[in-house]
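Trainee: Below are the chains, spelled out letter by letter.
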Amino acid sequence: MLTKKWSLSSDRCFAPEPEQRQLARQFFYSISSLPLVCPHGHVDPALLANPAACFGSPTELLIIPDHYIFRMLYSRGIPLSALGIPSRDGSPVETDHRKIWQLFADNFYLFQGTPSGLWLKDELNNVFGVDEPLNSRNAGYIYDYLQKLLLLPEFSPRALFKKFNIEVLCTTDAASDPLEYHQSLHQEGLTHIKPTFRPDAVVNLNTPSWRENLTKLESTVGREITTYTAFVETLEERRGFFKKMGATATDHSAATPYTNRLTDEEAEAIFARALANKLNPGDAERFTGHMFVEMARMSVEDGLVMQMHCGIMRNHNQAVFEQFGSDKGADIPLKIEWTENLHPLLTAYGNHKDFHLILFGLDESTYSRELAPLAGHYPAVLLGPPWWFHDSINGMERYFNQVMETAGLYNTAGFNDDTRAFVSIPARHTVWRRVACNWLAGLVIRGLIEEEEGYGMAHALAYDLAKVAYKLN
Amino acid sequence: MLTKKWSLSSDRCFAPEPEQRQLARQFFYSISSLPLVCPHGHVDPALLANPAACFGSPTELLIIPDHYIFRMLYSRGIPLSALGIPSRDGSPVETDHRKIWQLFADNFYLFQGTPSGLWLKDELNNVFGVDEPLNSRNAGYIYDYLQKLLLLPEFSPRALFKKFNIEVLCTTDAASDPLEYHQSLHQEGLTHIKPTFRPDAVVNLNTPSWRENLTKLESTVGREITTYTAFVETLEERRGFFKKMGATATDHSAATPYTNRLTDEEAEAIFARALANKLNPGDAERFTGHMFVEMARMSVEDGLVMQMHCGIMRNHNQAVFEQFGSDKGADIPLKIEWTENLHPLLTAYGNHKDFHLILFGLDESTYSRELAPLAGHYPAVLLGPPWWFHDSINGMERYFNQVMETAGLYNTAGFNDDTRAFVSIPARHTVWRRVACNWLAGLVIRGLIEEEEGYGMAHALAYDLAKVAYKLN
Amino acid sequence: MLTKKWSLSSDRCFAPEPEQRQLARQFFYSISSLPLVCPHGHVDPALLANPAACFGSPTELLIIPDHYIFRMLYSRGIPLSALGIPSRDGSPVETDHRKIWQLFADNFYLFQGTPSGLWLKDELNNVFGVDEPLNSRNAGYIYDYLQKLLLLPEFSPRALFKKFNIEVLCTTDAASDPLEYHQSLHQEGLTHIKPTFRPDAVVNLNTPSWRENLTKLESTVGREITTYTAFVETLEERRGFFKKMGATATDHSAATPYTNRLTDEEAEAIFARALANKLNPGDAERFTGHMFVEMARMSVEDGLVMQMHCGIMRNHNQAVFEQFGSDKGADIPLKIEWTENLHPLLTAYGNHKDFHLILFGLDESTYSRELAPLAGHYPAVLLGPPWWFHDSINGMERYFNQVMETAGLYNTAGFNDDTRAFVSIPARHTVWRRVACNWLAGLVIRGLIEEEEGYGMAHALAYDLAKVAYKLN
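Chains as they are written, first to last, in our numbering: chain A, 1 to 473; chain B, 1 to 473; chain C, 1 to 473.
Derived by calculation from the structure, the hints in this document are not laboratory data. Just so we're clear, the structure is a prediction, and the values are computed from it rather than from any experiment. Hints may be right or wrong, so weigh each one.
For identical chains, the list gives no copy identity; a pair is met inside one copy or between any two copies.
[Said to hold, decoys possible] DSSO-like mimics (lysine-lysine), calculated; alpha carbons at most 30 Å apart, straight line: (1) K99 with K353; (2) K328 with K353; (3) K244 with K162; (4) K99 with K5; (5) K148 with K163; (6) K163 with K5; (7) K216 with K328; (8) K278 with K216; (9) K148 with K471; (10) K148 with K328; (11) K353 with K471; (12) K471 with K244.
Please construct the entire structure, taking both the sequences and the accompanying hints into account.
Mentor: Quick look at the structure:
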């Protein structure tokens, strides 16, 4: 399309030393055509359930839904309204997508050296064939070019799903979700798109819209939920339905990984106070901590793998939350503690052969101090890959260097892209695979593993570990 | 002067791999003659206000005023009194500067591999032309050589200021400071030496000499300060005066970045208890937390950039404090928390287009967990460079690797030398520029940025970011 | 013995860049024949006291006593009983050592990229001459080969002690230990095997078997201990006896480094409650914190170097503890705080010329934040090498990079292997020496130290620092 050629280095993410780089290349070559295993993410199943679905405009594809992108622009003073982020208070937002794209292009330099910058380049260059770096001058031209492509059938979500060589993709779905899109996919035989059971919206009693969320759940199961006992039974029933729709895992998020079993009486009493909108201070935290243990119990019973994502303060920016709602790039990590907090849960189920718990955190100081030692001891515990802000080249290197010596490779859960930005999936897996191969090449060059071992470990990191951890075989 | 040549490697601080090193050299060459921007530091303005000022003896220049130096000697058992550190209890200290210098030279090996060691070599070699490594044997010879130079006009503070190519230098000054030296500099037209408003001594009610500090402030403004309201008005007035004298920023330090607005009644009550010397436990912390918010309000109003330096326990060593006072190398960092602590302040002003907050901490575990995400979201927040102990090669590399992917380069504030050791200023900027260029070279070699981008980013890191962040344009 | 040659890289642990690697080799060559100084570890003195002692089967040598090894197997679902770990509840465990070895060999890949994997290879290859990688197929063959060797006199503990070139080895011994093996070694003139006084079992009042431990101590000294005063006197007496048996150091471990002096009355009251089995909440923690200060006082008086190992939650896995007891790979680190916790102890003794305190922690976030600044200021404080999980290549690199710039080399205590796995001692020292030399080579190549300085620093890291820190000269 354009005259000057722009492309990504075929050695990107590799260390500079030639011998290590050569070996990293070899490892990467050996795994580069493996299918993508995507056991955890936030792709909208509606995109895939409808064969005629389309991504819309370039701005709808790359900017409006992706808080990784617009939070960086916001941090430099660009209003979210100017970026077309829908407001929930009815205040006006920019609707001219071409104009938003121009603003994005004008500020594209803000992504220099960031993972988003690398993914965007990979998407533009490798998925869409843009061969000139995006800038103020060519913004309109590239917008029009992308818009034309996005209307073609070969750039539909389903077509890209195939092109991306995705073997399995798990979405993340509320406990109340009727899974209509997954049902429809199932009926078509597309069973490699699977739901994941995420009950936070009804489990975390201090969620702003908890009562509405519970009402949705009641509506989904067609009955009122007036007691803790009924609540637990409903969750068990929903897990069963998710499992029938192909789910192999659940997911749970909270500010801290505090766990502690309450007596049934205590749990009933807190739940009653929640229904009466009369929670005492600490009630919500204690209930969440209790439900972690309950969810572990259910996992032992139904075999769903349990994921915990902990250590984030949601909606830190009150003004942004009020005007635009959740997931607007305003979630900020918190320091957390796993060793004491997980003790009750692990005392109950940590040695159980049918329990599988995958841990994710944003407090990297816990990698070597708590997470690796826990995974390196408890049969039930695996460590998830670097999460969110740490899904980056340096984040992965810190993870490999701080986790693997103590946990061992086989107590980790491979990679997941955790994204709602569908077209960034291959770019994200590629970064993981490249950084993993570079790490392995370093181990060989430093005499710590044999080259032959490196090939097997690369295969595990790119493919096997995720499949095994999430029971996707 | 001496026979054997001693010099610093022209490739110092660069990674060993030849291709990366070559690129780092190129980047460094492109920025090495840029003037120094020094927006935060502790140089004594009296040194510059008097054209005839002189640095004194080599010991007065390099040892006695620099706690980075003498704390290392103290840690290996050398008494501070033997190093000529003035006592405040009248106990005798060594006054023979040549003898102190000999002791320093005898123990110069203690600085192997430390930033102080690197700066000292740079100062001795590049500023003073010492071309033999300092040791026990040549200590006296080098002392005499330096002493001779220090009496020459070309080694006066003003002459070195020019030679160092310092474009602007900001000092740090108490709220009560009449800024007489800055006034005199201003009258001479030397407006590139600017004060910074630092009111800790009167804001932190548990400062040992709080009452005396307040009295000084009263004396400066020529009236009593008997209420919180009057206190706040006085601070506003002083900020106005600092601004008139060229200040563009304020600076605030506390053990934690706790922030929380009190009601006026609460603030008045605490201030009254402070005046009555009857503080309740927690009063001082709550007042400091409140004043952070107040200072942010004033920054919005008068446009002064706000700096926060948090996470240090001052005067950890009680015996040293009693005998020698503050700033004696006995301040030890504390773990801190930003995400929850800054929430009230950022809720109030974090989205305000006229608010600029630069954060500094010593708890590196907060780089990737809290600081980079905060800077990568809030329009008001920028991250200062690695502070104090982390103003070092490894400290900078950790900063680049842990901050930049999430915060992005343009949410950082460039470099400042933060030093009271005037002759170390070029050495410190050089280390930053070298480590920055080496980091950028790594990004290019790993395919993450284009080489052309690297030149622009190097310029930003060496010069532009600091000027913009501190409004020094 | 076997056909295919298997060996360790002579460049293992070195960075890939050729110039740095060459220099690392030179440094390593210059120190590789220095004797091993082992100032802290857990070797059983009985092994060395009896000239006829033997290591038993390969499984008894390498698996059953080493929780580093079996915890990794356990984490992947292999029951401890299947590994021959003795149960304390009488439940049956595997007794066929050849079968256990086979299971170990089947799962040897789990150690890929771990320090245990590297040590095991070094032991098998360099100590025993196994020149084929252990796997399922050759497990029996190698078992028989090793078993044969282990019965030979040249593979007795004493013979290996000499072969390993160990200059001095300190064991770790309970306060109640009569040191019969050390007495016997002393009588033979083998004074380079020394005890270390570790009173945790009687000092930490919440130790499960505290009462029995006190009874043992009573029995050793031949009198009842019914008051705190008597308890302290007994500990002083035991320290004296340990010192007579060659001890130069004490060792103390607790979950946190909390220190605080109690009044004698408070200490007496808590001790009385402990004897009456009526401890109040917090009593044990306060008593431990007090005893840290007491132990520092005694160190000043008797000159024994004081070690603190803090930040571990012992026996995290309750089921494993109940069935198998302590030290079963189920200890998980905790985040800790040194700056405030050590303040009382350092205020009392931190400036005392006869006090020497070596600190060890598992919370690496404290390296640059607290530990290095403390060691870089207080004359009494030295930092121990990376401990336990961090006794690894990456753990050491983090230590060098995060500690040395602030603490300086000479405020660190060299290396100790801290192991009960006697045959792993040379492998562990070799890793330290290699990583240290590689770090120094990097400093030279980056222009931070002179090459000549590197040789001296390598010698210090490999040998001198440990001898000086532990007064082993």
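Trainee: Could you tell me which of the numbered hints above are not met by this structure, giving the numbers in increasing order?
Mentor: Hint check: 9 fails alone, others pass.
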